[in-house]
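Colleague: Spelled out from the first residue to the last, the chains are:
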Amino acid sequence: MSKKNWQQITSRREFLHQCGLCTGSLVLPSSWLKMLVCAEPYSPQAGGNSRTGPLLEFRFFNSAQAAIVEAVTDQIIPADQQPGAKWAGVVHYIDLALVGDLKDFRVAYSRGIHRLATLAQDFAGKAFAELDFAAQTNILERLEQDQTPIALALNGAQFFELVRKHTLDGFFGDPKYGGNRDSVGWKILGFGG
Amino acid sequence: MDAIVIGAGAGGGVVANELAQAGLRVALFRGRNFSAADCDHDELTASQAPWNRNGRRFGPDFAEIQSYRPDPGTAARVVSSRGNYFSIVGWCVGGGTVSYQGLSWRFHPQTFRLKSLYGSIPGSTVEDWPISYDDLEPYYEKAEYELGICGDSASVAPPRRKPYPMPPLPDNREAQMLFPAARRLGWKPFHPPLAITSVEYRGRPACILCPYCIGYLCEVDAKSSTAVTVIPQALRTGLCTLHAQAVVREITVDGRGRPNGVIYREGKDPWKEMRAKLIVVAASAVETPRLLLSSKSKWFPSGIGNRYDQVGRHAHHDLSLAVFGYFDKVVSDGLGPGPSCAVDFQFQDQKLEGGGVLYNGFSRTPLRVVNTLPRPKSTKSWGRQFKEFYRKYFWQHIRIYCGAHGLPREGNRVDLDPELRDALGMPIARITHRAHAWSAPQLEWIAGRAEQLLSEAGAQFTIHDQVLPEPDGPLGEHQCGSCRMGSDPRSSVTDRTGRVHDVANVFVVDGSLMTNSGGCNPCLTIQALAYWVSEQIVRGWKSGGLNA
Numbered sequence: 000m001s002k003k004n005w006q007q008i009t010s011r012r013e014f015l016h017q018c019g020l021c022t023g024s025l026v027l028p029s030s031w032l033k034m035l036v037c038a039e040p041y042s043p044q045a046g047g048n049s050r051t052g053p054l055l056e057f058r059f060f061n062s063a064q065a066a067i068v069e070a071v072t073d074q075i076i077p078a079d080q081q082p083g084a085k086w087a088g089v090v091h092y093i094d095l096a097l098v099g100d101l102k103d104f105r106v107a108y109s110r111g112i113h114r115l116a117t118l119a120q121d122f123a124g125k126a127f128a129e130l131d132f133a134a135q136t137n138i139l140e141r142l143e144q145d146q147t148p149i150a151l152a153l154n155g156a157q158f159f160e161l162v163r164k165h166t167l168d169g170f171f172g173d174p175k176y177g178g179n180r181d182s183v184g185w186k187i188l189g190f191g192g
Numbered sequence: 000m001d002a003i004v005i006g007a008g009a010g011g012g013v014v015a016n017e018l019a020q021a022g023l024r025v026a027l028f029r030g031r032n033f034s035a036a037d038c039d040h041d042e043l044t045a046s047q048a049p050w051n052r053n054g055r056r057f058g059p060d061f062a063e064i065q066s067y068r069p070d071p072g073t074a075a076r077v078v079s080s081r082g083n084y085f086s087i088v089g090w091c092v093g094g095g096t097v098s099y100q101g102l103s104w105r106f107h108p109q110t111f112r113l114k115s116l117y118g119s120i121p122g123s124t125v126e127d128w129p130i131s132y133d134d135l136e137p138y139y140e141k142a143e144y145e146l147g148i149c150g151d152s153a154s155v156a157p158p159r160r161k162p163y164p165m166p167p168l169p170d171n172r173e174a175q176m177l178f179p180a181a182r183r184l185g186w187k188p189f190h191p192p193l194a195i196t197s198v199e200y201r202g203r204p205a206c207i208l209c210p211y212c213i214g215y216l217c218e219v220d221a222k223s224s225t226a227v228t229v230i231p232q233a234l235r236t237g238l239c240t241l242h243a244q245a246v247v248r249e250i251t252v253d254g255r256g257r258p259n260g261v262i263y264r265e266g267k268d269p270w271k272e273m274r275a276k277l278i279v280v281a282a283s284a285v286e287t288p289r290l291l292l293s294s295k296s297k298w299f300p301s302g303i304g305n306r307y308d309q310v311g312r313h314a315h316h317d318l319s320l321a322v323f324g325y326f327d328k329v330v331s332d333g334l335g336p337g338p339s340c341a342v343d344f345q346f347q348d349q350k351l352e353g354g355g356v357l358y359n360g361f362s363r364t365p366l367r368v369v370n371t372l373p374r375p376k377s378t379k380s381w382g383r384q385f386k387e388f389y390r391k392y393f394w395q396h397i398r399i400y401c402g403a404h405g406l407p408r409e410g411n412r413v414d415l416d417p418e419l420r421d422a423l424g425m426p427i428a429r430i431t432h433r434a435h436a437w438s439a440p441q442l443e444w445i446a447g448r449a450e451q452l453l454s455e456a457g458a459q460f461t462i463h464d465q466v467l468p469e470p471d472g473p474l475g476e477h478q479c480g481s482c483r484m485g486s487d488p489r490s491s492v493t494d495r496t497g498r499v500h501d502v503a504n505v506f507v508v509d510g511s512l513m514t515n516s517g518g519c520n521p522c523l524t525i526q527a528l529a530y531w532v533s534e535q536i537v538r539g540w541k542s543g544g545l546n547a
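Protein sequence lines correspond, in order, to chains A and B.
All residue numbers for the first sequence refer to numbering that gives the first Met the number 0, where the first residue is 0 and numbers rise by one.
All residue numbers for the second sequence refer to numbering that gives the first Met the number 0, where the first residue is 0 and numbers rise by one.
No lab work stands behind these hints: they were computed from the structure.
Every residue, glycine too, gets a C-beta built ideally from N, C-alpha and C.
Hints may be right or wrong, so weigh each one.
Claimed, not checked - On the chain B side, residues computed to face chain A include the following (Cβ under 10 Å):
#: 1; residue: Glu42
#: 2; residue: Val368
#: 3; residue: Arg390
#: 4; residue: Pro417
Stated by the list, open to error - To give an idea of the interface, some chain B residues facing chain A are shown, with a C-beta separation under 7 Å as derived from the structure:
#: 5; residue: Arg306
#: 6; residue: Leu366
#: 7; residue: Leu372
#: 8; residue: Pro375
#: 9; residue: Val537
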């Protein structure tokens, strides 16, 4: 081993630091996100509701289904001082995936959304997307325990787990799949990508 | 052709190169090829990601199926390569070495003679290996130099004659915490050996310490996979041809009962035959027995090498368990590859058969962490608490991997499903497998050491993860033992040179050969065995015995 090689390694490490690959030790300045998301700044006060319409046309969901799924994703990763799944466009990730690699899950989503709508009507007397945040949480806690079969080899609880998993994929996965808008899932973790 | 090598992974790549360098014309089969386009940072398509949605990029295609049952006599269920229970990891040129982490341990001398050490172990079919550590030591050394391994030459065991060809990677922040903590506990920590360049090595640049390592194709060829080392060397001889998209259905036999080639097809072409004087099967501990058992003829009515019904028996793997420590400060610098501090307890405590090894890892990427970092029971799997937990602990946890020996369990086997066939009409592999009960207490013991280490390093709390692969599940990573070497044909498939008993010209070179698991990552041992077997083949070739 020559000393030169070690210096090269050290400088590579510094280079990675400079590229933001290792932002773990940084504290994010509060203005940072806003700077990067200049088109539509995230506002903690408005939560996930700062947007007026969908970012894209939906390919699989109808608008009622999209509203339900969007609300579910935002329960799974809610907005706080940083954006949640709604702002990150996770519903678009799921929608695009359902006409692509995840097309096998179409029936699960159609039936699962229907099941969730039924639970909302039965226990809160309203459409799920119209419930306030705490009431939606209550309904999802019921879905999380729901053993009612809704499709072949799928009950309510399993549907919830499916949406939970897809929400993580859409929020933390590569933005090229339609979610994780502006890499917000990575920025929240301090991960430079 | 002089030789056909089936399987272009850890073992097959090595053998193909050794034979081509010795002047043999070699056809190297199987394993989808990949391109530079497969090198990206996409966690949703990474290999080894149980959360991935598009299939394991360097693993099997989605269309593959196997069947699985825990015990003989129970009904087998179909498992698809789409799910997590498919018993194959690598399925590309380079095999598992493309997407693995590159941990490159030598097995301990005692690992080669567990039966002598512990006597007969109830419920296990364990036997001593027909070769010793001393037999294999020069070939470990050769593998370390030919492939390129970095490591701590000062680490105590196993004994070695030459230092590693490369020094360890620079310490990351985890190492800076774990080394002093381990020393305070009176242990001897060392840098785990990795098949990764720490300095420029034989034309490949040093690792750039990026976090996209395990599960990914290395973007600078710093990972010493066979796809960037021995396979290109073999191809450069002009004597080795790669049939990357080919599927091999069976080994053919001539009119005198001597294997003389294979039936294969390339892409959607019709099935063809290729002749060769010798055949090396290096397709993994599942696919190797599947191919041998599929090669039936009047000379081998139950498959090649299966006269004593041994092909596919004794299949097992080693087990692991991760322990996570949670800190009140950032403990990572975000650099890859990750593993930077190891402690080896194997064979240090004779009461604990085999002991175990622990090391930290791996580099953290978002989906890997949110899918694998366990939460305390009080933290829900969704909602504000969930988000807060990962935001806090993404950089404030250390994962310790604990490994333990698996053992060949009576009843475990890879054979052919009596009914099911795959899309090409070939019989599928049926896995009958459960872990031997011996591993669980070992894992508990080593996990206790991991908790001690994390607490000593300042962890506020620790969480024990589940045992992987699932003890009552199919074969997972590090699968081995299914065509084991031995001196008695009634309890093994090959002799000590890797040659199938009773067959002059068929050799096995992969995890199948290993008589038992090493309690740690097996790749370097597979490669040392590949060099060992290659030397026997070349010797046999030059003396004329194989060149008939």
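Colleague: Return the numbers of the hints above that this structure violates; sort them in rising order.
Modeller: 4, 5, 7, 8 and 9
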